[in-house]
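Colleague: Going down the list, the sequences are from chains A and B. Numbering-wise (UniProt numbering), the first sequence opens with residue 1 and increments by one. Numbering-wise (UniProt numbering), the second sequence opens with residue 1 and increments by one.
Errors might be hidden in some of the hints.
Said to hold, decoys possible - Partial pick of chain A residues on the chain B-facing surface, computed with a CB cut under 8 Å: (1) Leu16; (2) Ser73; (3) Ala81; (4) Ala88; (5) Arg92; (6) Thr99; (7) Asp102; (8) Phe223; (9) Arg261; (10) Val265; (11) Gln297.
No lab work stands behind these hints: they were computed from the structure. Since the model is a prediction, treat every value here as computed from it, not as a measurement. Backbone N, C-alpha and C define an ideal beta-carbon position, used for all residues, glycine too.
Number of protein chains: 2
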Amino acid sequence: MASVERVGTSRDLARLAGVSQSTVSRVLTNHPRVSAETRARVLKVLAETNYTPHALARAMKTGRTDSIGVFMSRVTSPFHATLLDAIARRLRSLGLHMTLWDVEHDDIAASSRFIQQRLVDGLVLTCATFDSPLHSVAVASGLPTVLLHRGIDDLACDQVIGDNWQGAFDVGRYLVDAGHTSVGLVTSPLVVSTARDRELGFRAALTEAGLTVSRRNTVVGGFSHSDGHRAAQRLLARRKPPSAIFAITDILAFGLLDGARSLGVGVPGDLWVVGYDNTDMASWESFDLTTVNQPVQAIVETGIDLLRRRIAEPAVPPTVVRLPCEIVPRGSTANTQVG
Amino acid sequence: MASVERVGTSRDLARLAGVSQSTVSRVLTNHPRVSAETRARVLKVLAETNYTPHALARAMKTGRTDSIGVFMSRVTSPFHATLLDAIARRLRSLGLHMTLWDVEHDDIAASSRFIQQRLVDGLVLTCATFDSPLHSVAVASGLPTVLLHRGIDDLACDQVIGDNWQGAFDVGRYLVDAGHTSVGLVTSPLVVSTARDRELGFRAALTEAGLTVSRRNTVVGGFSHSDGHRAAQRLLARRKPPSAIFAITDILAFGLLDGARSLGVGVPGDLWVVGYDNTDMASWESFDLTTVNQPVQAIVETGIDLLRRRIAEPAVPPTVVRLPCEIVPRGSTANTQVG
C-alpha cells in the first residue's frame, strides 16, 4: 500500500479536501445540502488518508477512554435484557461508550486479559458469581468497579443490589397470609447472591409461620424457561402437589406456568405462582404473573453514579446499597383467602 | 498525587513487584496457589503505579483496536436479544471486543461522533432504517461496515439479511392453501427493509391467488407487544374479523395472541396467527406460534466473515447475501383445511 498522510481530526480532513470543517461534518452526517462534487471530494480524501483515531491519541494522553466495560450473562433472558437496556441508556446520557463483555460465551482467562488491557475507564459487573474469580480479578486490577444486581459479600467494592432477602420474605408472608400450607420453591444454583438471598428470605417467612418447604417441594433448576418447565413436571405431576409455588425469577415462573398449562393445572384456581423481577412480560395476558419488582432504573443510576465517583476519587471507601423490592400482585395469585 | 512510574505490561509489573510474570498472572486471576504476602505485594505495586493501557499503545501503532462497534436497537425485544447474543458469541470466539451502541436512546449526532472517533476496527449495523443517515455515515467514514438483518437497497456495503420477501410469500401461500380468504396483516412502519419485504412478499402471495388484504384488515403497528395487542382490538372486536392474521414479527404476534385471549377468541379454532423470526419464545406453550425461522447464526457468521474480509482487504467489491427463511408450523395454525 502507498504511504499515506495520517490525519487525526476533521480539521485535517477539511484542510486536505479544501473545504470547511462544517462541510466535512455535513458530508459525514449525510446532510442533503452538500453538492455531489464536494461530497465526492471529501470522501476521496477520507478514503486516501489514514484517518488516525484522534480519540485514541487523547486516551493515551489523558488515560481516559470514556468507555465503560459492562460484563453480563444471558442477554437473551428478559430481565438481563432490561438491565442491559437501562445501562446502555444511562451510559449514553453521560456521553460514555459501552464495551459489552458477555461472559456467557467466555472463559475467565479471556475476561482477565480484557480487564488487564485497561481499554475502559471502569467496569460494571452484573453477573458476579461466588464460584468465579471475575469480581476479584476486576477489583485487583485497580480499575474502578461496581457490582450491579448480583453482589458478593464482604468484597471491598461498590455494590448496588435489590433487597432480595426482604422481597422474597414478603412473598413467603403473602402466601402464608393467604392460607397456603403446602408451598413449593423453584430456585437456581446458589452460586449467585440473588438466588441465595431469595431462597433464604422466602424460607425465613415460612419458618416464622411454623411452616417449611419440604425437600420434595424444592426444585433447584437452572436459569431458563425450560428449567421452570421441568420443575412443573416434578412438582405438579403427582398426587399431592403444592398449592402455591415461588419461582425465584420471572423466567423460571414463565416456564412453570407453561408447564402447569401443559398439565392442565389451572392458575390461580389449582395453583398460585409468584415470580421475581417484574419484567415487562410478567404483565402480558399469557402470564399475568404476580411478581416482585426490581427497581432496575434506580439500581443502574445509583450504580453508575458510584462508578463515576470512584473514577474521580479512587480512594473513597466502598459503598454497598440495597434497594427495596415490592410485590406486584396479578392474576397468577387470587386475592381471596384459600383454605 | 505523587508522580508514579507508568507501567505498560504485566512484565513491568512483575519487575517492580520482584516476582515472575506468571505470578502476576496468578494474582490477577485469583489463583489459589499464591501466598497472601506475594498477592499483597503485587496488588500494592498495581495500586501505586499507573498501569498504562498497553493495548492502547499497540492500537496507536497498528491502527487496530481489535474492537468492533455494534449498532442495535431495542435489545429488550426477544429477536434482537438473540441477535446480540449471537454477535457477542461470534466476536468473542474471534478474540474481538464488542462496543455496543444502542441507537434506541441516541441521536444521529452522537452516533456520528462515535463513528468518527474510529475507536473500533469495523462496524456491524443491525438497525438500519430508510429514514436515518446512520448507514451512510458509517459507509462514508471509510470504516469497514456490514449490515446485518436489515438491509438498505443499493447501498455499496456488505449486507447479510434473511430472505424476508420469500419467507412472507410462503406464509401467504400457506394461509391461501389452507383455504383462508379473509386475511389480516399486522405490520410495522415501512422504514425498515424487513417490514417492507415481509409485507410485499405476503401481499404478492395473496395477489397470486386472486385475494387481497383489505385496508380494514391491515394494521400498521409499531414494534412492541402492546402494538400487537392493540391490533387485536382493532381487527377482532368486530362482526366479521379475518380468519387468519400474519404479524410480521414474533413480538407483534405475541401481543396479538394475548389480545385474542383477552377477547375470548380461540386460536387456532377461531383464528390462525403466524409470526416471523422464530424466537425461542415462539415455542413456549403460552404462544405455540407458527412462525418463519430467521437463520440468525448463519446471518451473523456470514456477516462477520464479510466484515473481517473487508478489514483485511478494504477494496473488495461489496457483497449482498440473502439467506433463506423457512416456515415452522406450530399450534397457532391447524393442519386441517379450513373453509
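Colleague: Which hints, by number, does the structure contradict?
Modeller: Per hint list: 1, 2, 8, 10, 11 violated.
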